[in-house]
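Visitor: In case you want the letters, here they are:
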Amino acid sequence: MQENRRDQEKKREFEELFVPLLDNLYNIALRMTRNPRDAEDLVQEAYLKAYRFFHRFERGTNARAWILTILTNTFRTRYRKKKQEPDMVDFQAIENFCLADEMVKVIKASDKSEAKGAEEVVKLLKDYVSDDILNALEAVPEQFRLAVLLSDVEGFSYQEIAEILNVSVGTVKSRIFRGRKILQKQLWDFAKERGIVRDAKK
Amino acid sequence: MTCREAVDKLHEYIDSELDSATTEKIKKHLDLCRLCCNQFEFEKTMKELVHKCCERAKAPDVLKKKIADTLNL
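Protein sequence lines, in the order shown, are assigned to chains A and B. When you line the first sequence up against the numbering used here, it's residues 26 to 227, in that order. When you line the second sequence up against the numbering used here, it's residues 76 to 148, in that order.
No lab work stands behind these hints: they were computed from the structure. Do not rely on the hints blindly, as some may be mistaken.
Unchecked claim - Now the stretches of chain A that chain B is said to cover, found in silico as 3 or more residues with beta-carbon under 8 Å: (1) 35-46; (2) 50-56; (3) 61-69; (4) 157-165; (5) 168-176; (6) 194-208.
To be verified - Derived DSSO-like pairs (lysine-lysine); straight-line CA-CA distance at most 30 Å: (7) A:K151 with B:K100; (8) B:K122 with A:K148; (9) B:K127 with A:K148; (10) B:K140 with A:K35; (11) B:K122 with A:K217.
Unchecked claim - Example chain B residues on the side facing chain A (calculated, C-beta under 8 Å, incomplete): (12) A96; (13) N113; (14) K133; (15) P135.
Keep in mind that this is a model prediction, so the values were computed, not measured. Where is the CB? At the ideal position from N, CA and C, for every residue including glycine.
Let the sequences and hints guide you as you build the complete structure.
Guide: Structure representation (structure tokens):
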């Protein structure tokens, strides 16, 4: 009887903490696995593990960070080898790439007057539809993609991301920096492929 | 603060990783420097766009049900 009540209590607490995070986790899982079926499996497995190890969760600490750590580790051990990841990027080639600068060049080329500044460039940036951004994200190698997602989507601090990924804060910083560069280069390549912009350097 | 110093901290700035003194210094620089201001604005927008497009999906009902069933919630 006692057992039963404790069990019920555990379930209720787990439900309160983690069920509201389901959409959030599913979105991240989608971006990790890049396909809905794997994302579903991944989320389900993460919830099962979280429940199994719920006694290790320290009450009062960040529940979202805790279950995301489980999700990330599950992804890394189980799914990373299943799907072909994008090739490692030659980072030196894009270290100095700056999407904002490229866009400014385009604006200047099409409009002889002085570039009008942030609004113009930001407007060009917003012309990308969500699908472009999602596709560009898929082209970012996993280790960089995860760092960017945990920062941009989850809003975690570098310290929190370091703990989730089990790397140093310095590594997080460099992965976020590189991940964003790769993402922007990819967006730029999309724009060029579709002839939305011409390569301003030519 | 020079442009170089500001841009070096761009990502930490938009990720709110800097102490308040450094944040203030950058804000002051951005008030004065249109080029840097544009670049910071751009990166901030990029971050917001990534956020926005990664919260659109809803977990399928079947997944909700599967989890509830396996955990017997």
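Visitor: Hint by hint, say whether it matches the structure.
Guide: Results of checking the hints against the structure:
{"no.": "1", "hint": "35-46", "verdict": "holds (count 4)"}
{"no.": "2", "hint": "50-56", "verdict": "holds (count 6)"}
{"no.": "3", "hint": "61-69", "verdict": "holds (count 4)"}
{"no.": "4", "hint": "157-165", "verdict": "holds (count 3)"}
{"no.": "5", "hint": "168-176", "verdict": "holds (count 3)"}
{"no.": "6", "hint": "194-208", "verdict": "holds (count 5)"}
{"no.": "7", "hint": "A:K151 with B:K100", "verdict": "holds (29 Å)"}
{"no.": "8", "hint": "B:K122 with A:K148", "verdict": "holds (14 Å)"}
{"no.": "9", "hint": "B:K127 with A:K148", "verdict": "holds (16 Å)"}
{"no.": "10", "hint": "B:K140 with A:K35", "verdict": "holds (19 Å)"}
{"no.": "11", "hint": "B:K122 with A:K217", "verdict": "holds (22 Å)"}
{"no.": "12", "hint": "A96", "verdict": "violated (18 Å)"}
{"no.": "13", "hint": "N113", "verdict": "holds (4 Å)"}
{"no.": "14", "hint": "K133", "verdict": "holds (6 Å)"}
{"no.": "15", "hint": "P135", "verdict": "holds (7 Å)"}
When held up to the earlier numbered hints, the structure conflicts with hint 12 and nothing else.
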